[in-house]
Amino acid sequence: MKILVCMSQIPDTTTKVKFTGDFTKLDTSGIQWVINPWDELSLTRALELKENALNKIESITVAHVGLCGTDPTIRKALAIGADDAIRINAEPKDSYFVAAQLAELIKTQPYDIILCGIESSDYNGSTVGGMISEFLSIPSVSAVSELNIENGTILLIRQIDGGKELINITSPFVAIVQKGIAKEPRIASMRGIMTARTKSLKVVEPIDIAPLTEIIGFEMPKPRPACRFIDPENPNQLVELLQNEAKII
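Position one of the sequence shown corresponds to residue 30 (the working numbering), numbered consecutively onward.
Keep in mind the hints are simulated off the structure, nothing from the lab. Please read these numbers as outputs of a predicted model, since none were measured by experiment. Check each hint, because a few of them may be wrong.
Mimicking EDC-like on lysine to aspartate or glutamate, the simulated pairs with C-alpha atoms at most 16 Å apart in a straight line are [what the hints assert, rightly or not]:
1. 85 x 163
2. 228 x 112
3. 208 x 112
4. 79 x 179
5. 54 x 179
6. 136 x 179
7. 122 x 41
Distance ranges between label pairs, derived from CB positions [as the list claims (entries may be wrong)]:
8. 226 x 181: 33 to 43 Å
9. 98 x 178: 47 to 57 Å
10. 226 x 198: 30 to 40 Å
Even glycine gets a Cβ: it sits at the ideal position worked out from N, Cα and C.
Given the sequences, and given the hints that come with them, work out the whole structure.
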């Protein structure tokens with residue numbers, strides 16, 4: 030059984046976001062790039078499954094759509110424990126474009142389990158996993174919080190209103206994972222970092238397909254207004270502000 034973990038890179042959450050070109054493009058200078066947290070948890074769960082010999086996991090591959098500048102982030106995934114990695118040599122223009130590239134890769138190199146994080150923490154689109162399954166005409170399961178293999182049977186648990194849903198599924202399929210899939214991401218050991226240098230990172234060229242969306246511009250959030258302090262002996266003023274200014278009561 031082979032597992033593919035679809036991975037994106039995002040700016041570290043401590044990054045101060047800046048834009049160039051009259052707010053039409055992200056300024057990437059000085060950004061510390063990291064693995065998208067949901068994808069990192071997907072990789073962690075894949076590694077946990079492989080460590081159980083009864084699951085018979087042959088390999089774990091990481092796939093990413095990006096240019097050569099993303100190689101260090103991919104190497105981090107290899108250092109954590111992925112067996113090999115594939116980079117599709119293209120700028121990730123939108124979710125449709127990324128999903129199409131990954132689906133084409135999977136067509137040429139089939140996998141039994143395809144894991145996608147529920148969203149990337151920068152654009153929060155939550156669409157790539159579902160699109161991949163549509164391109165491949167295979168099932169997808171969203172909001173997966175648990176993934177187990179018991180006696181060769183793949184079992185998924187997803188959160189639903191008021192409880193949990195247990196799903197028995199056959200491969201191949203796409204699992205779109207969320208909170209709970211793994212307790213916390215793994216940290217690469219020194220040995221893992223050294224080994225990652227020798228692991229395969231294959232680069233493939235993208236297929237010719239146009240994105241469906243275009244970013245016209247970005248807008249920074251408005252600064253928060255200054256705090257207003259109300260005399261505790263004057264509750265009527267507070268009520269008046271909440272009614273007439275904040276308009277929340």
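Satisfaction of the hinted span 30 to 40 Å by the C-beta atoms belonging to residue 226 and residue 198: Roughly 36 Å apart at Cβ, these two residues keep to the hinted range, so it holds.
Given hint residue 179 paired with residue 54 - CA-CA distance at most 16 Å: violated, 47 Å
Beta-carbon spacing of residue 226 to residue 181 - inside the hinted bounds 33 to 43 Å or not: holds, 35 Å
Whether the CB-CB distance between residue 98 and residue 178 falls inside 47 to 57 Å: violated, 36 Å
Holds or violated: residue 79 to residue 179, with C-alpha atoms at most 16 Å apart: OK: residue 79 and residue 179 at ~13 Å, within 16 Å.
Given hint residue 112 paired with residue 228 - CA-CA distance at most 16 Å: Between residue 228 and residue 112 the Cα gap is close to 7 Å, so the pair holds against 16 Å.
Restraint check for residue 122 with residue 41, where alpha carbons must lie at most 16 Å apart: violated, 20 Å
16 Å limit on alpha-carbon distance, applied to hinted pair residue 85 and residue 163: violated, 27 Å
Restraint status (C-alpha distance of residue 208 to residue 112 at most 16 Å): Given that 16 Å is the threshold and the Cα spacing comes to 24 Å, the pair is violated.
Agreement of residue 136 and residue 179 with the hint, judged by alpha carbon distance not exceeding 16 Å: violated, 27 Å
This entry does not satisfy hints 1, 3, 5, 6, 7 and 9, going by the numbered hints stated previously.
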